[in-house]
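The listed protein sequences derive, respectively, from chains X, W, P and E. Numbering (our numbering) for the first sequence: 1 to 321. Numbering (our numbering) for the second sequence: 1 to 164. Numbering (our numbering) for the third sequence: 1 to 407. Numbering (our numbering) for the fourth sequence: 1 to 166.
Treat the hints loosely; a few may be bogus.
Restraint-style ranges between C-beta atoms, simulated for each label pair [as the list claims (entries may be wrong)]:
#1 Pro112/E x Gly130/W: 48 to 56 Å
#2 Ala186/P x Asp6/E: 48 to 56 Å
#3 Glu136/E x Val105/X: 28 to 36 Å
To be clear, the hints were calculated from the coordinates, so they are not data collected in a lab. Small disclaimer: the values here were computed from a predicted structure and weren't measured. Note that the Cβ used here is the ideal one computed from N, Cα and C, for glycine as well.
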Amino acid sequence: MSFAMDLVYLLVFPGFLFLSTAGMAVQYVDRKLYAKVQNRVGPPAVQPFADFLKLLSKESIVPEAAERDVFVVAPLFGLAGVLTAILYVPVWGAEAAFAFQGDLVVVLFLLSIPSFALFFGGWHSRNRFSDVGTLRTLTQLFGYEVPFFLACLAPAMAAQSWEISTVMTTLAESPLALVLLLPGFFVGLLSLQAKLERVPFDAPEAESEIVGGALVEYSGRKLALFHMTKDIEFVVGAGFLSALFLGGTAPLYGIAGPVGGFVAFALKVLFVVVLLTVVKAAFARVRIEQSVGVFYKWAVGIAIVQLLIVIAAASAGIGGL
Amino acid sequence: MDADELKAQIEDDIGDLITETRRGRPRRIEVVLEDPDRIVEIMEYLTGEGIKHLSTITGRDDGTDVELLYHMLQYGEEQGDGDLGDANMVTVRTFVPKGTPRIDSITDVVPGAALYEREIIDILGVEFEGHPNPDQLLLPDDWGEDEAPPLLKDEEPDEAEVDD
Amino acid sequence: MSGGSDERIPVGPQHPSLKEPANFMLDVDGEEITGADLTLSYNHRGMEEAAQRKDYLQNIYLLERICGICSHSHTTAYVQAVEELMDVEVPDRAKYIRTLIGELERLHSHLLWLGVGGHEMGFDTLWHYAWRDRELVLDSLEELTGNRVHYAINTLGGVREDVEEDQFPMLRENLEEVKERAAYYAEVVPEEETVLMRCEDVGVISRETASELCAVGPTARASGVPTDVRKEDPYAAYDQLDFDVITHTDGDLLARVIVRLEEIVESCKIVEQVLDDMPEGDITGANRPTHTLSNMVEEGEAISRYEAPRGEDLHYVKSDGTDTPERVKVRAPTMANWPTVVEGLKGSYIADTPMIVAGIDPCISCTARIGVEVTGDAAVSIDGGDRKLSLDDLSDYAKDWYGQEVN
Amino acid sequence: MSKLIDWARKQSPWVLHMNCGSCNGCDIEIVDALMPRYDIERFGIKQEGTPRHADVLLCTGPVTRQMAPRLERIYEQMPEPRFVIAVGTCACSGGVFHDHYNCLGGIDQVVPVDMYIPGCSANPEAIIDGVVKLLEGEPEEAELGGTEPPTAETEPAVEEPTAGGD
Numbered sequence: 001m002s003f004a005m006d007l008v009y010l011l012v013f014p015g016f017l018f019l020s021t022a023g024m025a026v027q028y029v030d031r032k033l034y035a036k037v038q039n040r041v042g043p044p045a046v047q048p049f050a051d052f053l054k055l056l057s058k059e060s061i062v063p064e065a066a067e068r069d070v071f072v073v074a075p076l077f078g079l080a081g082v083l084t085a086i087l088y089v090p091v092w093g094a095e096a097a098f099a100f101q102g103d104l105v106v107v108l109f110l111l112s113i114p115s116f117a118l119f120f121g122g123w124h125s126r127n128r129f130s131d132v133g134t135l136r137t138l139t140q141l142f143g144y145e146v147p148f149f150l151a152c153l154a155p156a157m158a159a160q161s162w163e164i165s166t167v168m169t170t171l172a173e174s175p176l177a178l179v180l181l182l183p184g185f186f187v188g189l190l191s192l193q194a195k196l197e198r199v200p201f202d203a204p205e206a207e208s209e210i211v212g213g214a215l216v217e218y219s220g221r222k223l224a225l226f227h228m229t230k231d232i233e234f235v236v237g238a239g240f241l242s243a244l245f246l247g248g249t250a251p252l253y254g255i256a257g258p259v260g261g262f263v264a265f266a267l268k269v270l271f272v273v274v275l276l277t278v279v280k281a282a283f284a285r286v287r288i289e290q291s292v293g294v295f296y297k298w299a300v301g302i303a304i305v306q307l308l309i310v311i312a313a314a315s316a317g318i319g320g321l
Numbered sequence: 001m002d003a004d005e006l007k008a009q010i011e012d013d014i015g016d017l018i019t020e021t022r023r024g025r026p027r028r029i030e031v032v033l034e035d036p037d038r039i040v041e042i043m044e045y046l047t048g049e050g051i052k053h054l055s056t057i058t059g060r061d062d063g064t065d066v067e068l069l070y071h072m073l074q075y076g077e078e079q080g081d082g083d084l085g086d087a088n089m090v091t092v093r094t095f096v097p098k099g100t101p102r103i104d105s106i107t108d109v110v111p112g113a114a115l116y117e118r119e120i121i122d123i124l125g126v127e128f129e130g131h132p133n134p135d136q137l138l139l140p141d142d143w144g145e146d147e148a149p150p151l152l153k154d155e156e157p158d159e160a161e162v163d164d
Numbered sequence: 001m002s003g004g005s006d007e008r009i010p011v012g013p014q015h016p017s018l019k020e021p022a023n024f025m026l027d028v029d030g031e032e033i034t035g036a037d038l039t040l041s042y043n044h045r046g047m048e049e050a051a052q053r054k055d056y057l058q059n060i061y062l063l064e065r066i067c068g069i070c071s072h073s074h075t076t077a078y079v080q081a082v083e084e085l086m087d088v089e090v091p092d093r094a095k096y097i098r099t100l101i102g103e104l105e106r107l108h109s110h111l112l113w114l115g116v117g118g119h120e121m122g123f124d125t126l127w128h129y130a131w132r133d134r135e136l137v138l139d140s141l142e143e144l145t146g147n148r149v150h151y152a153i154n155t156l157g158g159v160r161e162d163v164e165e166d167q168f169p170m171l172r173e174n175l176e177e178v179k180e181r182a183a184y185y186a187e188v189v190p191e192e193e194t195v196l197m198r199c200e201d202v203g204v205i206s207r208e209t210a211s212e213l214c215a216v217g218p219t220a221r222a223s224g225v226p227t228d229v230r231k232e233d234p235y236a237a238y239d240q241l242d243f244d245v246i247t248h249t250d251g252d253l254l255a256r257v258i259v260r261l262e263e264i265v266e267s268c269k270i271v272e273q274v275l276d277d278m279p280e281g282d283i284t285g286a287n288r289p290t291h292t293l294s295n296m297v298e299e300g301e302a303i304s305r306y307e308a309p310r311g312e313d314l315h316y317v318k319s320d321g322t323d324t325p326e327r328v329k330v331r332a333p334t335m336a337n338w339p340t341v342v343e344g345l346k347g348s349y350i351a352d353t354p355m356i357v358a359g360i361d362p363c364i365s366c367t368a369r370i371g372v373e374v375t376g377d378a379a380v381s382i383d384g385g386d387r388k389l390s391l392d393d394l395s396d397y398a399k400d401w402y403g404q405e406v407n
Numbered sequence: 001m002s003k004l005i006d007w008a009r010k011q012s013p014w015v016l017h018m019n020c021g022s023c024n025g026c027d028i029e030i031v032d033a034l035m036p037r038y039d040i041e042r043f044g045i046k047q048e049g050t051p052r053h054a055d056v057l058l059c060t061g062p063v064t065r066q067m068a069p070r071l072e073r074i075y076e077q078m079p080e081p082r083f084v085i086a087v088g089t090c091a092c093s094g095g096v097f098h099d100h101y102n103c104l105g106g107i108d109q110v111v112p113v114d115m116y117i118p119g120c121s122a123n124p125e126a127i128i129d130g131v132v133k134l135l136e137g138e139p140e141e142a143e144l145g146g147t148e149p150p151t152a153e154t155e156p157a158v159e160e161p162t163a164g165g166d
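Using the sequences and the accompanying hints, generate a full structural model.
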């Protein structure tokens, strides 16, 4: 019986089916809001689905110079990583689909797999543009990974647990703790924006500079998979941050059960998406060494300060820690 | 310093170098340089007088030799900021025999001339002595050596149909 | 120009950030660019050679197609040169109409550049905003001349279409909107943090270098060289208008942004003055049927200068008395500004190359139009797989290079 | 199923713009179509940087000799099904540059063209009309001269996209 439930978790609810539709919805919200900020009309709601379907029907070319097997496997590799990550994030109730002590670190690792998939795919497509794109992806990865881990360490320390579900429930009880964790949330947002390679940190696929970055040689089905991975990564990343820093499904799952929990989760993910889209519209692209500079100078500093705040709060016993 | 004073000053300073000076429209002075090899000399004189801005070099093949026109401008800042009223244009005209189309490059006196000279190299085949990097600027890569430099007249435009 | 470095990197021509094909060769020593060179043959259509086969009237149509952004500049400069050889008196009203269209063209060109500059920096919102306001200027131009791009308003001896009084309210309204938007940009853009990161003291050109390399237009004015043909050698109606020449001193990319923004406001003032005191009178001085105008050109030569949006645009026309010119030489402003790009690239980051190139607002269609006579069909050679990197491919190269340096 | 695929292809045509020696009048009008006033993204049209991602190749300019080989290479890199649209009179027939030595005179001298959009700088409405008509499946009208010029009564294609609107 529980095997069937696990299969449902994996394939239907928080898994593939739900995530792909959520990914397309998030892409629609992102592009529509971005267009509205630039007072354009923006794409119809059906657009992400049409793009995905069209790409599936296109001829997908494997350049003969490219390493055939890695080139083909890379997109699947990325998608798999992201899909499993959602299972540890509580989507409806207090408990995630699978929860164990230390699943926070597992999700952090799973969330960086798509960047590696992009790297392998781009590096093996033997194209000059994608070579540079992939190396920049890695350069930026080293930039934002350290502050991201530090920022996620703070709530874990505050709740003295490595399990996302318990971190979420304990922090949800004391709003003061969530306020204390705001700097960490800011660093988390910054790192998510860089992980998804969106403006102002989209040097790796700067359209006007290196054409398409790592995805230059991809087309057809494989390109569709990459785009879907990125959309799903956006949903999972936003869910993960809201679970740690905004109390995830906290307030409503008690009152209205699983449906309420899911509504709270969806609202918070939407809030994170809107926040990141406004950031995307408001800034220019910074150079690759500047973006790494921003992370090492600013983000790491704020994350360390955040850790100090948590330690001070814990020792002083305020904020229910 | 209006155009007449400038014309008078040029005549008595470098009278030996030039054959005649003409005054067309207001602020236009034309100077004909008789010996092309002294182009650098006249350029040094002109830049000394504050006529530093080279607008462009016009090349034309008039059958026997290639006529080069250096359009120089008296720059505004010599007359102080804002007062730009009388920037005079001095055009230096000189002729280079088509047999040996060779003239000194003025890039060390007027660095801005580099691209204009390369343009003339491409289209008229004139060789500029001492040009820092005279490679092809405007012609397509596959422009064969055998194809004549562009605007030279001796090459009759054969099949390119000339419309009415 | 090529420095002593070991590496020569070709960049372009199929480069997305430059809407037009230009090819740069960068000499790279690690992160620093030590030398740069360019070839422009990709956009070379053989204008001048063709101009010698068409009569004076047809040439107006041809020279207008040199560049899609500053088409009015080229036709006005060309027509003014030919009018010098025709001893025809251009009536005041025609001069005012030419000035009006010229300044509207400067407005839409500067707004276009502001947008493209934003796009280069990845600041797409600025791109959309600037181009949305530019539509207002294009509406005004379409109202006056019937076309958004090539206006075809000039003819030998005057203009082809008159403007009516009842068009002015719409023009003034659009102008008010553009002026207000320009003031908003002038206040916001130079303060925005990421814009500063990408523009402040990047591609700096000192005043001496600018005047030494004969730079023109906003590029020269941003480095402190007060050159503006409208003041130095007034043509059309500029001697009866008052406006000031905007200069700046830093000579970096930010200065070029600020100079162009203030010039937008200045152009709005000029257009208002033109609308206020537009004189009455007919619109062409040559009272002869248009097709006979080409034969009125006497033998001789003439040079005319015009302040195009990107700088001084020079036309030289030599006529031999027949109805077709013997030589037409066009030197577009971008050709004069290429050396400053090369100078600006030296010693700057590789990743800044697209911005520095966009800094002079290059119009590649203007620069590459030299005439060539083909006698045989040369073999078409496709350039092979040499190391053609895109502009920002190089910063990765720099990373490896630094790697070796450190350990 | 194929009806759904057709709908998807019509709904999201990704466009690559290539300048083959044009005076950049048409190029700017193409970019104008992206801007707030016309905003072709509402038809699902997105501008792409690489030929691999693109379905429709928008070419402008009379193909100078130097650009011809590159145009061919870019065309070959595009995955099937691909379309080529010649934007502006120069791209259709070489326009004012037709007799120039260095211009091959029109995109169809180098690659097969599916839709011609005339106009000396074709304005954004004509470009949108051309792209949408091509995707509505009327390529058979695309002999030289293309569809009839966008006269006043053929109002620019703003009608609701086929499947449920936004």
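Hints versus structure:
Between Pro112/E and Gly130/W the C-beta distance comes to about 50 Å, which sits within the given range of 48 to 56 Å. In this structure the supplied range 48 to 56 Å holds for Ala186/P paired with Asp6/E, their Cβ-Cβ distance being about 49 Å. In this structure the supplied range 28 to 36 Å is violated for Glu136/E paired with Val105/X, their Cβ-Cβ distance being about 53 Å.
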